[in-house]
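Undergrad: Put chain B on the given structure of chain A with help from the hints.
These protein sequences, in sequence, are chains A and B. For the first sequence, our numbering assigns the number 1 to the initial residue and increments by one for each residue that follows. For the second sequence, our numbering assigns the number 1 to the initial residue and increments by one for each residue that follows.
If you're looking for bench data, these hints aren't it; they were derived computationally from the structure. Hints are supplied without guarantee of correctness; some may be wrong.
In silico EDC-like links for lysine to aspartate or glutamate, alpha-carbon gap of 16 Å or less [to be verified]:
no., chain 1, residue 1, chain 2, residue 2
1, B, K58, A, E102
2, B, K77, B, E8
3, B, K49, A, E102
4, A, K57, B, D98
Some residues of chain A that are not near chain B, with every Cβ distance over 12 Å (derived) [claimed, not checked]:
no., residue
5, T14
6, S51
7, N59
8, F69
9, L83
10, S86
Note that this is a predicted model, so its numbers are computed, not measured. Even glycine gets a Cβ: it sits at the ideal position worked out from N, Cα and C.
Now for the letters of each chain:
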Amino acid sequence: KAGVTQTPRYLIKTRGQQVTLSCSPISGHRSVSWYQQTPGQGLQFLFEYFSETQRNKGNFPGRFSGRQFSNSRSEMNVSTLELGDSALYLCASSGGANMNTEAFFGQGTRLTVV
Amino acid sequence: AQSVAQPEDQVNVAEGNPLTVKCTYSVSGNPYLFWYVQYPNRGLQFLLKYITGDNLVKGSYGFEAEFNKSQTSFHLKKPSALVSDSALYFCAVRSPYDKIIFGKGTRLHILP
Numbered sequence: 001k002a003g004v005t006q007t008p009r010y011l012i013k014t015r016g017q018q019v020t021l022s023c024s025p026i027s028g029h030r031s032v033s034w035y036q037q038t039p040g041q042g043l044q045f046l047f048e049y050f051s052e053t054q055r056n057k058g059n060f061p062g063r064f065s066g067r068q069f070s071n072s073r074s075e076m077n078v079s080t081l082e083l084g085d086s087a088l089y090l091c092a093s094s095g096g097a098n099m100n101t102e103a104f105f106g107q108g109t110r111l112t113v114v
Numbered sequence: 001a002q003s004v005a006q007p008e009d010q011v012n013v014a015e016g017n018p019l020t021v022k023c024t025y026s027v028s029g030n031p032y033l034f035w036y037v038q039y040p041n042r043g044l045q046f047l048l049k050y051i052t053g054d055n056l057v058k059g060s061y062g063f064e065a066e067f068n069k070s071q072t073s074f075h076l077k078k079p080s081a082l083v084s085d086s087a088l089y090f091c092a093v094r095s096p097y098d099k100i101i102f103g104k105g106t107r108l109h110i111l112p
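Chain A on its own, in the form it takes in the complex (with noise of 0.2 Å):
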């Protein structure tokens, strides 16, 4: 079974431009979660979807959006890019409804904002 894969893996973009970042989760998979890691915060919580619902969203502020398609991929979206959005946004997926289901996670997409 193929896992979680995330495209593109690297990114370089500019300041004040967006950015779209996808992730595609294993096969029967129905909830996708997005995180960011930076050296300094570690792992935080972006947003969950499941079943193409949002069920949790972490604090970021609006310019982060994701959604997640009836086939269950998913894309997150950053729009006026900052310096301090250069990161590893990593994309998880997990079987099942309930929320003790154990996460499995992409290699993660390396932003750059220059």
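TA: Quick look at chain B alone, frame taken from chain A:
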């Protein structure tokens, strides 16, 4: 509000010695607790979780963790460390119907 703390940024252990990576949490209600490991340039991998039942949970690669409700802790342990265990370890907690919270991570160095 939920929170999780990993009090040590780094832990150094000699190969063959037992290791412990500490995690404490604060959550209302009964928590779901997780440990994940991150190897260089890779995503996180699930190690083990506590949902309910036996306080001692066994996971992948010989790791185990003990849920201690009175001390609100969920420390990760392994009886005999391997150099290949060197990685970044994350503890995570969530209560039912709420978002997951990760600790800041503990870098584990196993010295040959």
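Undergrad: Each hint: holds or not?
TA: Evaluation of the provided hints:
For the hint pairing K58 of chain B with E102 of chain A, the CA-to-CA distance comes to about 14 Å; that is within 16 Å, so the pair holds. Using a Cα cut-off of 16 Å, the hinted pair K77 of chain B and E8 of chain B holds, with the two alpha carbons roughly 14 Å apart. Distance hint between K49 of chain B and E102 of chain A is fulfilled; the C-alpha atoms sit about 8 Å from each other, no more than 16 Å. Between K57 of chain A and D98 of chain B the CA atoms are separated by roughly 9 Å; this keeps the pair inside 16 Å, and the hint holds.
Every beta carbon of chain B lies more than 12 Å from that of T14 of chain A, the smallest distance being close to 25 Å; the non-interface claim holds. The claim that S51 of chain A is not at the interface with chain B holds, since no C-beta of that chain comes within 12 Å of its own (minimum 16 Å). Separation of N59 of chain A from chain B is inadequate, the least Cβ-Cβ distance of about 9 Å not exceeding the 12 Å criterion. Distance to chain B confirms F69 of chain A as a non-interface residue, since its nearest Cβ pair spans about 21 Å, more than 12 Å.
Every CB of chain B lies more than 12 Å from the CB of L83 of chain A, the least distance being 21 Å, so the non-interface label holds. A cut-off of 12 Å between C-beta atoms confirms that S86 of chain A is not in contact with chain B; the least separation is 16 Å.
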